[in-house]
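Chain by chain, the residues run as shown.
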Amino acid sequence: MFRVELVSDTSTATPGWSYAPTRAFNPSQTITAPTLSRKRNIRDAGKGADLTSRQANAIARHIADLDRENQRDVSIPAPVKQAREAGARGTRAKTTSSVRRILTSQKTFRNHLDDEEAAIAAGGGGIGGLQGLGGLNLVAQARGKAAAAARRSSTPASVVGVKRSSEAMGETGMESEMDVDSDAPGPQRGLIKSEYDNDPLLRSYAPSMPSERIMQRLLAEPPLSYNESRAKPAASGKPGRRFCCMCGYWGKIRCKNCHLRTCGLDCYKVHEDSRCGAFF
Amino acid sequence: MGTARARAAPRAPATPTQPVETSQHLPDKTFVIDNGAYMIKAGYASNASSSDEPISACSSIPNALVKTRDNKIVIGAQLATVTDWNEAMFRRPVEKGYIVNWEAEREIWDQSFFDGKPTVRNKNHHIGEPENTTLILTEAPNALPILQKHTDEMVMEEWGFGGYARCLGPTLNVWNEIHSLFGDPISNTSEAAILPADCLLVVDSGYSHTTVTPVYKGQALQRGVRRLDLGGKHLTNYLKEIVSMRQYNMVDETYIMNQVKEAACYISNDFSGDLEKTWKVGKKRQTAAEEGIVVDYVLPNANKKGFMRPHDPLLQAKKKKGALSGLDAEVLSEDVLVLGNERFSVPELLFTPGDIGMQSAGIPDMILQSLSVLPTGLHAAFLANVLVVGGNALIPGFMERLETELRQIASAECVVRVRRAKDPIYSTWLGGTRLATNREELRKVSITRQEYQEHGSGWAIRRFSGLV
Chain A
-8 MFRVELVSDT
2 STATPGWSYA
12 PTRAFNPSQT
22 ITAPTLSRKR
32 NIRDAGKGAD
42 LTSRQANAIA
52 RHIADLDREN
62 QRDVSIPAPV
72 KQAREAGARG
82 TRAKTTSSVR
92 RILTSQKTFR
102 NHLDDEEAAI
112 AAGGGGIGGL
122 QGLGGLNLVA
132 QARGKAAAAA
142 RRSSTPASVV
152 GVKRSSEAMG
162 ETGMESEMDV
172 DSDAPGPQRG
182 LIKSEYDNDP
192 LLRSYAPSMP
202 SERIMQRLLA
212 EPPLSYNESR
222 AKPAASGKPG
232 RRFCCMCGYW
242 GKIRCKNCHL
252 RTCGLDCYKV
262 HEDSRCGAFF
Chain B
16 MGTARARAAP
26 RAPATPTQPV
36 ETSQHLPDKT
46 FVIDNGAYMI
56 KAGYASNASS
66 SDEPISACSS
76 IPNALVKTRD
86 NKIVIGAQLA
96 TVTDWNEAMF
106 RRPVEKGYIV
116 NWEAEREIWD
126 QSFFDGKPTV
136 RNKNHHIGEP
146 ENTTLILTEA
156 PNALPILQKH
166 TDEMVMEEWG
176 FGGYARCLGP
186 TLNVWNEIHS
196 LFGDPISNTS
206 EAAILPADCL
216 LVVDSGYSHT
226 TVTPVYKGQA
236 LQRGVRRLDL
246 GGKHLTNYLK
256 EIVSMRQYNM
266 VDETYIMNQV
276 KEAACYISND
286 FSGDLEKTWK
296 VGKKRQTAAE
306 EGIVVDYVLP
316 NANKKGFMRP
326 HDPLLQAKKK
336 KGALSGLDAE
346 VLSEDVLVLG
356 NERFSVPELL
366 FTPGDIGMQS
376 AGIPDMILQS
386 LSVLPTGLHA
396 AFLANVLVVG
406 GNALIPGFME
416 RLETELRQIA
426 SAECVVRVRR
436 AKDPIYSTWL
446 GGTRLATNRE
456 ELRKVSITRQ
466 EYQEHGSGWA
476 IRRFSGLV
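Taken in sequence, the protein lines are chains A and B.
In terms of the numbering used here, the first sequence has 231 at position 240, counting the first letter as 1, and numbering is strictly consecutive.
Adding 15 to a residue's 1-based position in the second sequence gives its number in the numbering used here.
Treat the hints as calculated values from the structure; they're not laboratory data.
A portion of the hints provided could be inaccurate.
As the list claims (entries may be wrong) - Mimicking DSS-like on lysine-lysine, the simulated pairs with C-alpha atoms at most 30 Å apart in a straight line are:
hint	chain 1	residue 1	chain 2	residue 2
1	A	85	B	335
2	B	138	A	85
3	B	82	B	132
4	B	164	A	85
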């Protein structure tokens, strides 16, 4: 399942390999192959249709570029300070092995994230993965803890157990178990009294605060993984906006060679002469 | 890994003056570090609570190693001495908001907090005796467990703090005085202990990313934490890229472009309107200059800092004429960036990441995504208490835009109140100092050195995630 890659940097104290997750086939990310006629492809390209793989790659590269600290790759070594090692450190204890390992580690965030993803895919990951317990053990632990907490609050045993999946604590399940909290800071009701307050048409049906028990359970949940917590695409389904690649105004016309947008013939001419590399 | 305990054990014995049982309690002195990717905010909690202006007890230290043009390497607080920022290169130990490279981070921490003797100048951020100090350290939400483990091991084994609490940065904000900010009546008297706000939705828009964290009574509701991978760094780089393509090549001038961004960028409340006004062809460009959308930014040179001034459309022509036009030599020699739609289309990314093709929701949509996994009963409470912290909150127009868009997409029954923290950059640090004054709550979230030595880093990580 996993590709084992040799880490090229030999100075690391970590083992010389790291897990690399297999990029599984994912229909949501695959790019529609241009099976349709070329004309239709061109026509649909502006309507928020699926991106071609080249476009997707160009966007991914652009975002990665924006994430860089410097335009060029530079190595900035931390200055060596023997004096500090000898003198100022005197009061401190000796460097422990784990500290030394951390300090010499050259892993980037990307490496750590790949390790973590691979661990999650293998059924571990999270905090449990670090302990060598395996994720299941930990979840069971957390579950047991939550169950114990629930038992202490003398609730029927049928509702104990933390539901895991992200949508598990869905609205229906919640509503049925909800008690009303007396001091709920709900929307401002009853601030101004009028004779229409009891009119059923004008009543606002604000949902009540969830009970203390539900809140405790929500608070006891483990954090999501790094990738799970990323914001999803907006649900509104607004078509993407296109801008002129030269001046930043609306991209009204598209170059027939490279599909970049320009705002008008002025910008298009400049684009054609200089930057039309047809890289899409 | 049973070795965790064994690793932790070999420590220097506590100083003989210190009785054994005190190590079971937290040391009284509390030091708060908000370890931002761009800037470290650090200081003693006691100094902050006693003085009238608590921010003055906070030192901000750039969290970077910089290589200047003449190949000198400058660390952390020394950056204040750098005068020539041209082609400065940065190395930051914090990647994507998390401390990844401890080799560099240790240099910066050592230099800022531990090296040398306490003097008048560094008394606010010098840690003389870590073993008699409790450290409150912030981290970004959804950190990788391995990085958390590294952090714990470094703090407890390299420096050996007497007490240690690793907190989610956004959650610390609830300890601030939120009620006055939202105009709510303050219920408890000032003598009572400082308590966290009940429900607060913290939007933290920083250097590496923007996160939304619903906080309930001081604890994060983990399932509702969402992150947009865009922050100040991306805005600066995007501006750099646009300007480099349209005007001068600025790709190596990260520092200068960051200054340009801070001076010139704003978030438009009428994006398409402003875009029309700045179009080069329309007659409206003239009006845009009059309205002050198009500006000139004069780049810094050896003698002068960069600054912004209203656009002068004739400047280019005058310069061509040279001395004949009657301009003095200083004006003739200066380099000017003309900023039109760059001013608002760059920070616009935070609200519509789709503009660079990113498949992600903007901040207002992200807030609703965060709420959608929480019980409906909480929606009203969170929407009425949205607090924005982080440097990007200072971009003009940010708050208005967020409030408008959130109002549009939120349920009509809910009150939407969006507030900027009084000092968005230092708000998290300040919250940490206020947490430190509530010893009981602090004890709940922190561990002592002895506990760490007994149980090891594996236990510490479970303790901080609330599993033990």
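Okay, the hints, checked on the actual structure:
| no. | hint | verdict |
| --- | --- | --- |
| 1 | A:85 - B:335 | violated, 66 Å |
| 2 | B:138 - A:85 | holds, 26 Å |
| 3 | B:82 - B:132 | holds, 27 Å |
| 4 | B:164 - A:85 | holds, 19 Å |
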